[in-house]
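Protein chains in written order, with our numbering: chain A, 1 to 260; chain B, 1001 to 1398.
Note that these hints are calculated values from the structure, not bench results. Given the structure is predicted, the values throughout are model-derived calculations rather than measurements. Possibly wrong hints are sitting among the right ones.
Unchecked claim - Just a sample of chain A residues kept apart from chain B, beta carbon distances all over 10 Å, derived: (1) P28; (2) Q144; (3) E202.
Claimed, not checked - Taking lysine-lysine pairs in the DSSO-like style, the calculated list, with each CA pair at most 27 Å apart, reads: (4) A/K163 <-> B/K1008; (5) A/K168 <-> B/K1008; (6) A/K140 <-> B/K1008; (7) B/K1263 <-> A/K73; (8) A/K167 <-> B/K1008.
Think of the CB as a built atom: it goes at the ideal place given N, C-alpha and C, for glycine as much as any other residue.
So you can see what is in the structure, the chains are spelled out below.
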Amino acid sequence: MNRIDKKFAELRAAGSKGIIAYVTAGDPDLETTEKLVCRLADSGAAMVELGVPFSDPVADGPVIQAAAGRALKNGVTLKDVLELARRLRSRLEIPLLVMTYYNPVYSFGLESFVHAASSSDLDGVIVPDLPLEESEALSKELQQSGLHLIHLLAPTSSPGRIKAAVKKAGGFIYCVSVSGVTGARNDLPASGYELLARVRSETDLPLALGFGISRPEQVSALGAEADAVIIGSAIVRLVEEGGDRDEILERVASYLKKFS
Amino acid sequence: MSNLPDDKGYFGAYGGRYVPETLMTALLELEQGYMECREDPGFIGELNYYLQQYCGRPTPLYYAERLTKWLGGAKIYLKREDLNHTGAHKINNTLGQVLLARLMGKSRIIAETGAGQHGVATATVATMFGLECDIYMGEEDMQRQELNVFRMNLLGARVIPVTSGSKTLKDATNEALRDWVTNVDNTHYIIGSVVGPHPYPVMVRDFQKVIGEETRDQFGQVEGGLPDYLVACVGGGSNAAGFFHPFIKDEQVTLIGVEAAGKGLETGLHAASLSGGRPGVLHGNLSYLLQDHAGQVTVAHSISAGLDYPGVGPEHAYLKDSCRAGYAAVTDREALKAFTLLAKCEGIIPALESAHALAYLEQLIPLITSDQTVVVCLSGRGDKDVASASKALEEAGL
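So here's chain A without its partners, still in its complex pose (with noise of 0.2 Å):
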């Protein structure tokens, strides 16, 4: 079973909500990265996203944009990415997902991306330049694989659109809160609990709500709907606040308790 689907029942088996934590995998540097993701496992993370740096990051915000402009100065590459979920597979039992734009990917070859990252034993493939219309060529590749290639849907998202994704979605749907890019905000808009409910009324499937949510209290005021919550910018933010490697840690550690 993908470790992806067993989190999700367990999480559903206890009633509460899981914490989806991103970094930007080389910002500031691998081996920071590769301490930070046990460090947010044993924090509480229910599961990983490991974010490819790409020169041309449409759908983020300035936090993640510069994070990215950090790891691609450091050279870091989707095989960098890739190598380091298996360094983190050895070591971890969460589920493991990589977000990256489509263009690393194609580059790569999708038979070959699919061949290492089934070898690296990730979990799931979150692609969020890859809509439906453009998914099927690497949702075949990743047919035999085992893992998810998470779906995203938006609140402009018509009930067309969200009946399609739903047929074609596992492990979860990724529901962006907001038109908009990544980045955290103050208040939530009523575009994402909208959402939620929309999906829900088309799915059992869990579902995982991001972009904009940065706070505990955001959390708490969701409904039933959401199963998950995604933070991205707000870890990448304390990243990027620098010190020493056991600072940082200690930083994102400490935020990332509040959630729990």
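Starting from the structure of chain A, add chain B where the hints point.
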């Protein structure tokens, strides 16, 4: 071939819609809105009215007699897109899109711009129709093209400096896409070339095909028949796409797109996606792309800000692979020489973009016979370039 793209927006293997889910509904609505308009006599009539009365179409097809003599071979005609209002072919597209945006009830227009030509053409039509307008422009380009920044401001647009990434056109496009993701409800994004997600490549090509249609008629009137060669510069490729399109089925017409080889293809410092890139996904479509081994998009280099883009329209990728069009590349230096040559020979200062197409004539004319004919798309005028060209000419010792 002219039935392309297919219903998913593919020209053969290229095109598509690689965008965040948030934009999909807007793209589907845009596609539907556009498909209705393209057949609607009211829309077509209004567009043609403004193209004639406001832009000054049809633009002349001019026989460049002195240039022909100088190069000593085939007869050379220039399609004078430089004579359009705002100085380039760009307004053909912005006019079409602003009329569409208005019909779709959008109150705000955004656009990206490199050199500022598309930004000026967008600001022009936005203010004419009373729509709010924000233009994204790389900080570096804003410094290089101060005059166009002033023009856009004068036309009532806000120019938003882009400080991320390489601070040029590629990053301005990223920023415009982020704005669109955020404000998709009331905003229409006017993409300036045959790039972006479907339906932009086909829509922009259709709004630009007036260039090729007029050329076909005008050439038929003065020479009879069809020209042997069409030559146009290719950055994103909108003037070339519109110029070529009405001739696609006429296999006897050779189509040549000219990319920017910058400091030379071998140096890696160029903007020739088709000649020096490989397929990849950027800004919503799959096409040839300048990228490194790991799929990171690399920065393009060209003296011409309008060609300084790492991607190219998916239809050009298709035309290249199917061999219906050929693609060449000329260097900054060759383009500068052609810039000077046209000014001296014909009293026409071409845009540095268009100078790339002209520069290719030095290679083409010796290979063909003097009874053949060549039409070059003179996509824009060079007034915007005189400052940078004067500096570059001095540096190049030309």
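Hints, verified against the model:
1. With a minimum CB-CB distance of about 19 Å to chain B, A/P28 clears the 10 Å threshold, and the non-interface call stands.
2. The Cβ of A/Q144 lies farther than 10 Å from every Cβ of chain B, with a closest approach of about 24 Å, so its non-interface assignment holds.
3. For A/E202, the condition that its CB be more than 10 Å from all CB atoms of chain B holds, with the nearest at approximately 15 Å.
4. At roughly 19 Å between alpha-carbon atoms, A/K163 and B/K1008 fall within 27 Å of each other, so this suggested pair holds.
5. For the hint linking A/K168 to B/K1008, the alpha-carbon distance of about 18 Å falls within 27 Å, and the restraint holds.
6. With a C-alpha separation of about 18 Å, the suggested pair A/K140 and B/K1008 falls inside the 27 Å cut-off, and the hint holds.
7. Proximity of B/K1263 to A/K73 is assessed by CA-CA distance (about 25 Å); at most 27 Å being required, the pair is judged to hold.
8. Simply put, A/K167 and B/K1008 have alpha-carbon atoms about 20 Å apart, close enough for the 27 Å limit, and the pair holds.
Taken one by one, the earlier hints all hold for this structure without exception.
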